[in-house]
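Turn these sequences into a full structure, and let the hints guide you.
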Amino acid sequence: MINDIPLNYFLSLAAALFCIGLFGSLARKNAIAVLMGIELMLNAVNINLVAFWRYGSPDPILNQAGIVFALFVITLAAAEAAIGLALVIAIYRSRDTVNVEEINLLKW
Amino acid sequence: MVQNFTLLIPLFPLLAFAIIALLTRSRNRLSAWIAILGVILALALSLGVFLEALAEGAELAVNPFYGAPIVWYPYGTATVNFGWLVDPMGSAMLFMVPTVCLMIFIYSVAYMRHSHTGKDGHTIHEDDPRYARFFALISLFTGSMLLLVISSNLLQFFIAWEIMGFCSYALIGFWSFRGLKEHHIDDAQVGRARAASIKAFLTTRVGDVLLMTGMILLFITVGTLDFTQMFSPDGLNNMLLGEPPIGALQWPTLIALLIFGGTVAKSAQFPLHIWLPDAMEGPTPVSALIHAATMVSAGIFLVIRMYPLFVFDSQTGGFSMQTVALIGGFTAIFAAVLGLAQNDIKRVLAFSTVSQLGYMLAALGIGAFVAGSFHLITHAFFKALLFLAAGAVIHAVGTNDMLKMGGLWRKMPITFLTFLIGALALMGIFPFAGFWSKDEILLEALRLGFFSESGAAPLVQFVFISLATAAFITALYTGRQLFLTFFGKPRDQHFYDHAHESPVTIWVPLAILALFTTVIGFWNTPFAPAFTGYVGEAGLVGLPVPFEHHAFDQLALISIFVSLGIAFGGLFVAYFIYGFRPVGAGQPDPLERLGIIYRALASKFWLDELYGYKINLDGTARAGLLVRFVGLLSRFSYWFDRTIVDGLVNLVGWFGRIMARLWGWFDKHVIDAIVNGSGSVTGEIAGWWRTMQTGNVQNYALIAVAGAMAFAILFLLRSFT
Amino acid sequence: MDLFGVISQLVFLLVAVLTLAAGLATVLLRNVFHAALALVGTFFGVAAIYLMLEAEFLAIVQILVYVGAIAVLILFAVMLTRGMMQTEDSNINSQWAWAATAIGVLFVGLFILILQVPWKISGQPVVGDTTPALGTALLTTYLLPFEVVSVLLLATLIGAFIIARE
Amino acid sequence: MDGLVLLYLSPELVLIAAALLIFGLDLLWRGRKSQTLGFVALGALVVALILTPIIALRSAPTLPFGVEWGNQIALFCGACGQTVVDISYWSPQQIADALYVSDNLTNFFRLIGCVTGIVILLASYEYMATRKYAGEFYGMFLLAVASMIMLAGSANLLMIFLSLEFLSIVSYIMTGYLRENKLSNEAAIKYFLFGAIASAVMLYGLSLFYGATGSLNLVEIGHVVTTDTNYEVLSLFALALVMAGIGFKIALVPFHQWAPDAYEGAPTPVTAFLSVGPKVAGFAVLLRLTLEVMFVYRVDWVILYSLIAVVTMTLGNVIALVQSNVKRLLAYSSIAQAGYMMIGMASISGSSNPLEGVNAVLIYIAAYLFTNLGAFLVVIAIENKTGAVDISQYGGMIKRAPLLAVLMVFFMLSLAGIPPTAGFLGKFFVFGSAVNAGLGWLAVLGVINSLISVYYYFRVIRPMFFDPVPEGAPVITFDPWLRFGLVVSAIATLLIMLFPMPLFNLATYGAQIFGVAVR
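Residue numbers (my numbering), protein chains in the order written: chain E, 1 to 108; chain Z, 1 to 721; chain C, 1 to 166; chain A, 1 to 519.
Derived by calculation from the structure, the hints in this document are not laboratory data. Incorrect hints may appear among the rest.
The calculated SDA-like cross-link candidates involving lysine to any residue, where the alpha carbons are at most 25 Å apart (straight line), are [claimed, not checked]:
# : chain 1 : residue 1 : chain 2 : residue 2
1 : A       : Lys385    : A       : Leu445
2 : E       : Lys107    : A       : Ser392
3 : E       : Lys107    : C       : Ile92
Okay, structure coming up:
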């Protein structure tokens, strides 16, 4: 299967997903939605990493650096999500909003 | 073997600073004595070194007292060491700085006590609320100046230089403390003091930055900052190895000019002179300290220290010395004219300092190293004297405005006498210190500009003309100051009544400084040029090029008469304007009004007499005679007025007014505007830029992403082209 | 190209289009709850991509962690802050056009880069099971990050507790 | 992993173990005795600080200890210059596998990290005494210091990412520590959102590096990038994306905007940490990346770094002019300071000796550390007693707390780069190295900027000395720990200038590692 699909396909998919996620994180009002955008970006990176591993690794079994990296990215994404959501809930409690545009007491 | 302890000299005042700041802050009297003790110890050690240096004589220039035991850091194969370097000029500074500082310290003890009238009508004497801090700061100031003088290394020099900058900031703004109202200091004054301190610091900072840049470049091109190593022939030649930095501008020229930038700011030369007159907001001892012994002298001393670099530059075709001469010469006359139009007794002196510093730099710039250096020493003494005496007057009278003084010599004869000595020295009148040093500078300018073997030098001729004119104006404004303050009738009875002779602790330092002012000039007379032999015979540290040394000749004699003539001329004019008919109470300064108005006033007075003559026409002969006599006198005085005084007044007044206006305008609108304006422009930019910080984190992220992307795309495009 | 290859490409395209569509839905849907559900869809799509790349273990982890943990967390958070969900008049902020422009440029740049770079391709087939080797690697070569990440997870736990507790 | 590895990792392990211990004890004691936990944290930092030279000296057993008194530190620094316990002794296989290196640079940042930690910890006792979850705070703080050190020691993209995220997550938690405080909440969530986006962008760049070279190890990547010119565009593109993550940590323009907001809202000791810890660790990563991977493309990254340096210092300084909140002002100031450090980074390109630039950056970091921490300690001391963080509330501080006022002057002078302070030394070296590297214009801009900065640094000082004491303002007293931290910072700021030899040697030692990698 690998021989039939060029690497570029995967990379392009990842790039597209990355851009979609970036758009989400830059343009959504809701802090949770911003977080979702970030998750999309991390997924895109993982596709990159796994594709590079699969195509580039001289020994896909013994040299699994890309996979390992992806695994850690997933773990950290979970940690990040936990903290991020905790912060969202905290700010929702104190300010009664999760709209990023309204969280602007600190400026200038 | 006192020389081995040179490094301890600055330590005493610094230690005094530390002790006062940390331990005795709350005890005013003790703090003052600790500060004075610190200076006395420094002075004793300095004198030891000085005497030892004198014993060495001119040899000292070739083999200076030098030691650099403190390893600061290694650089490449070399190390940067801190230590001491005492060459002839350095030793002269070691004599001058602590002496003058000690006088200022003693003077401050009484000066920083204020008297005011309490609620019950009694006069209350009270220490300044920050008395101890004052002594701590001036100790730090003195210590850092001494450190600067003995520095063996430009970096060490720069450190001391910067500490001084900070001290000047703190001291100029010393009275910018709200809550001092009982000490005659109102809100406006507080505001002025604040503004002045910031202005002084920021303006001199510009110079510091230039100096620092020059220092880094020097370090990189020469590989050392140690004066002795730097000025060894190899050291300076290293500069020529690299590529010239900007077009035809050579490294030595660039570096010398950058270093000179430090001097321009610190010694208040055009166009960075603006801070100095405002610095008068500080207490008078601080003014004396800044103007005489420490800060502005440090700027000149920097040029003296780096003189080999300037000489080297001019030998290799650079123009740094010409720049120094040009700026010095211009500032000398420029500031003198501005000084004409000042009514604040201290401001006159401030402009006078600027002008005199211009003298020194002009001398250094045309190659008259010894004359410029000597003027630095003598000027310190008589300028300190003038400031302290002026301070005594202010202290006694309670105002700075000369137009509210007058006739004070009767009330405070000792102060008057000392001030007179200082003023005569400043004017350059025989036999006081200023005469000898100023004459020397004029002589050198005359010799180099008009009678040089290598042909006439237009720049030096300009310098001579400028300095000679400045000497004239100096005598004029000093005379004006003298007459307005001490002669004539009191113009404000209230202030006059308030005046009293200064207490002992104030007049004794004055007397000592006056003594020095009288005798120090004989260190270097054209007949017996001991100072020239000492400082100039063997040249400079690391650059043993003897300065040209002329025997007493016709030219010197001519020069003596020329400079005396100029000085007396100025004094004479001043006498005609201010002394002959003193300015009365409420009268404007003759220079301040137009001639037509003055003539009209005078005519009216004359008509009144005439009128009285008329109604007394059939009165007694005696009365008639009297009236006639009076009328005759009036007519004579009218004629005298019209032809001589008015002419002079109009001429000088017109010239002075125009120039003062013009330059004052330039000062206020161009230079101040640049300094303040750059502040407000950056403020505007800041106000505009900060709006980027919207508070919305997604805006931030977008900017960040766009930034990263811009970099990425930039690289991408670069690879395709 | 043989039939198998064509089918492979078609399958890839299908999965890719579905994944991207779910991703777009995630960032565009007005209702945050619906967006979260679309996010789950994207996670599944990415898991399918992993399977295509013969990283089975990672695909399972993707479903377990992302779908099982992160998505659930997000859904919880959405429900806890429910007040916001319906009242929004627009889910897109005022800078979206700028963002879209910048991202458009970025995408073009990335695309050019991807096509232009001669990627290193060894094309080695995966013979055998990657999972045991992965496990070995995690506990030998990658032991240090493994331990570090465990501490990090503990810190996260405590931190989330401190921040979000009533 | 053999036993030696544990020794090489011991400072980090001690910190992490102490953090776990603190979490456990806090659970056991139910939030009481938090002060004791603070001392545990302090002890751990001191132990880690002591372990560092032991690691560094391990390979030089012949070093004569017990020589003349007072020379120990200088000797240590001097000896470090010749002994290298780093990857240059490792076999190629070891290098390929290396995730984390315990080399000179790591040791340098261990010292920096521990000192930072100790000083901030001293300042936070009083601050945290009345606040909830103080025990956990100390644990979190130790983890933050540990992750900062790990970031400096990471030699592998995975470890870089992991430590960066570790540091970030712990920082988010600490920033949002004041749960009842709206500003703290807001600061944390902004910091978090910005950080998450930036690290995702960075991660994309890292994946590109991996794709180009098939390796995660910096040395190997550097090898490929240097030998194979096919990857020039890719490497530079990836570098630009990675700059987003590193620039976020360092707060470089245009990745800086989170900083003022987060600094203002965070608890002040955390602000102090954020202004030093992540910043300097970011420089460690940037140094490794620049010298081990990207060095061959110096023409390109010099442009990038110079550009960033100019905008960073100018923007930081100019916006700081109009700030009235001291924490925010110091935030902009620290942005500007990072700009000066970037001048040093750009001048690494100097053809003669790249290590000069590295030296300058490391010296600047150490000088900045003490100065900035000192300034923040003053702010903390004042805030503890009065809650004041606005310049206008600092009136008459010379009467209310003379020590604070005088030391603040000193720290501000140092930040402005005026001698005799450490800040001057840092600027001297940074500008000097820039001129030496042919980037004179950059030095000139830096000098102009330092001139601008004087103005706002003095704005902080002015009310302390010249304004009257506000009505009813209390005299400020603060606890001895904070005082100790302040005095240590002040003395260090002074001594670094007066006796820079030890620091100079230490920086030379820290830069030694790059002699191997630079090609």
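Cross-check of the supplied hints:
1. A/Lys385 to A/Leu445: This hinted pair is violated, its Cα atoms lying about 40 Å apart.
2. E/Lys107 to A/Ser392: Distance ~19 Å between lysine 107 of chain E and serine 392 of chain A Cα, so the pair holds.
3. E/Lys107 to C/Ile92: OK: lysine 107 of chain E and isoleucine 92 of chain C at ~21 Å, within 25 Å.
The structure does not agree with numbered hint 1 stated previously, though it agrees with all others.
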